[in-house]
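S.K.: In my numbering, the protein residues as written are 8 to 315.
Quick caveat, the hints were computed from the structure, so don't treat them as lab data.
Mixed in with the good hints there might be a few duds.
[As the list claims (entries may be wrong)] Quick list of simulated restraints, FRET-style, between CB atoms:
#1 H306 x R94: 17 to 27 Å
#2 N234 x N175: 17 to 27 Å
#3 N44 x V282: 32 to 42 Å
#4 R136 x N292: 16 to 26 Å
#5 G57 x Q263: 28 to 38 Å
#6 A188 x L125: 20 to 30 Å
[Unchecked claim] Calculated pairs, DSBU-like style, for lysine-lysine (alpha carbon to alpha carbon, straight line, at most 30 Å):
#7 K295 x K114
#8 K114 x K132
#9 K13 x K132
#10 K13 x K114
#11 K132 x K142
#12 K114 x K127
#13 K36 x K295
#14 K13 x K295
#15 K36 x K13
#16 K123 x K36
#17 K142 x K127
#18 K13 x K142
A virtual CB, placed ideally from N, CA and C, is assigned to each residue, including glycine.
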Amino acid sequence: MITLAKDGMRTDLERIWRLCFNDPPEYVKYFFDFRYNPNSCVVYVDESIGRPVAMLHLLDASLTEDSEIVPIQYIYAAATRPDYQGRGIMRQLLEFARQYTLYRRQKYIVLLPGSKELYKFYEDKGYHRCFRIRKVFMTRQELTSLAGQPKEDTDSLYREKNAATRLNLSDIHAIRRDVLADREGFVTWDFPAVRYAADVHRQFGGTIITSTNGYEAGYAFCRPEENDTLLVSELITVGSCQRDFVRLILDSTTQQNFEFHVPVYDELFAPFGEVCDYGMICAVNQRKPINLLTLTGSHQPYLGLALD
Numbered sequence: 008m009i010t011l012a013k014d015g016m017r018t019d020l021e022r023i024w025r026l027c028f029n030d031p032p033e034y035v036k037y038f039f040d041f042r043y044n045p046n047s048c049v050v051y052v053d054e055s056i057g058r059p060v061a062m063l064h065l066l067d068a069s070l071t072e073d074s075e076i077v078p079i080q081y082i083y084a085a086a087t088r089p090d091y092q093g094r095g096i097m098r099q100l101l102e103f104a105r106q107y108t109l110y111r112r113q114k115y116i117v118l119l120p121g122s123k124e125l126y127k128f129y130e131d132k133g134y135h136r137c138f139r140i141r142k143v144f145m146t147r148q149e150l151t152s153l154a155g156q157p158k159e160d161t162d163s164l165y166r167e168k169n170a171a172t173r174l175n176l177s178d179i180h181a182i183r184r185d186v187l188a189d190r191e192g193f194v195t196w197d198f199p200a201v202r203y204a205a206d207v208h209r210q211f212g213g214t215i216i217t218s219t220n221g222y223e224a225g226y227a228f229c230r231p232e233e234n235d236t237l238l239v240s241e242l243i244t245v246g247s248c249q250r251d252f253v254r255l256i257l258d259s260t261t262q263q264n265f266e267f268h269v270p271v272y273d274e275l276f277a278p279f280g281e282v283c284d285y286g287m288i289c290a291v292n293q294r295k296p297i298n299l300l301t302l303t304g305s306h307q308p309y310l311g312l313a314l315d
């Protein structure tokens, strides 16, 4: 039986998560404490035992289409208990989610597969590869060379000893919205979603580097990884300050290797790395969203802050 989650199911849903994903228990608890909404959680209940054995969570987001911002749903943590896999349960949950989203008069569902292999899985269920990032690997020496020398202008975003003004979460949300919302096919999040993404990022080992001089600004979600690597999972800047901001990242960290995930439109990193799939889309009317899938070059849609 497929239904929305009900009171008393949380323990079973947390167990499904722990069985299917390699996340620490604290991460799972944090999601259910601060982001879980039973009315947006689709579950499959095995009626013989009266318990949910599969789930997916629908989170609110927005997408720019024809210069308008339209509400969409983002599927997160879609999972089936290992002993119930291979029975077509997830296909049924995805179809329920499609119909539920259609009922709510929303046009699209987006998701980020957890592996390359899962792209084919979701393609078989009506989803299309749509969103992309540029993935760039650099050593500290290479990144230092790319950043170049600081501006002589005393109002530069980059300042010695971190003297520039920091941004708060409201600023980060506003910058992200203002930079991305005018771009066709780009996904934006409301403030509670950005706050949760930032909080969970910080709670589990990440930092957010920010700076502004009043007319230029930027932020970067950074997390240490293996092999002395810093993952910069989102880097957004306003104005012509990106080289300054890269210098700020270098000054704020000690890692010798860097992995950047940036929108394809990013000009500073355009000569480097490779463009990779980073998310899929499904039109709930089951028509192929040609207008979004044919965007090319620097116009390729961007997801970002997907809680990956």
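S.K.: Hint by hint, note whether the structure agrees.
M.R.: Here is how each hint holds up against the structure:
| no. | hint | verdict |
| --- | --- | --- |
| 1 | H306 x R94: 17 to 27 Å | violated, 40 Å |
| 2 | N234 x N175: 17 to 27 Å | violated, 33 Å |
| 3 | N44 x V282: 32 to 42 Å | holds, 34 Å |
| 4 | R136 x N292: 16 to 26 Å | holds, 19 Å |
| 5 | G57 x Q263: 28 to 38 Å | violated, 53 Å |
| 6 | A188 x L125: 20 to 30 Å | holds, 28 Å |
| 7 | K295 x K114 | holds, 12 Å |
| 8 | K114 x K132 | holds, 17 Å |
| 9 | K13 x K132 | holds, 26 Å |
| 10 | K13 x K114 | holds, 26 Å |
| 11 | K132 x K142 | holds, 27 Å |
| 12 | K114 x K127 | holds, 22 Å |
| 13 | K36 x K295 | violated, 37 Å |
| 14 | K13 x K295 | violated, 33 Å |
| 15 | K36 x K13 | holds, 17 Å |
| 16 | K123 x K36 | holds, 27 Å |
| 17 | K142 x K127 | holds, 21 Å |
| 18 | K13 x K142 | violated, 40 Å |
Of the numbered hints listed earlier, those contradicted by the structure are 1, 2, 5, 13, 14 and 18.
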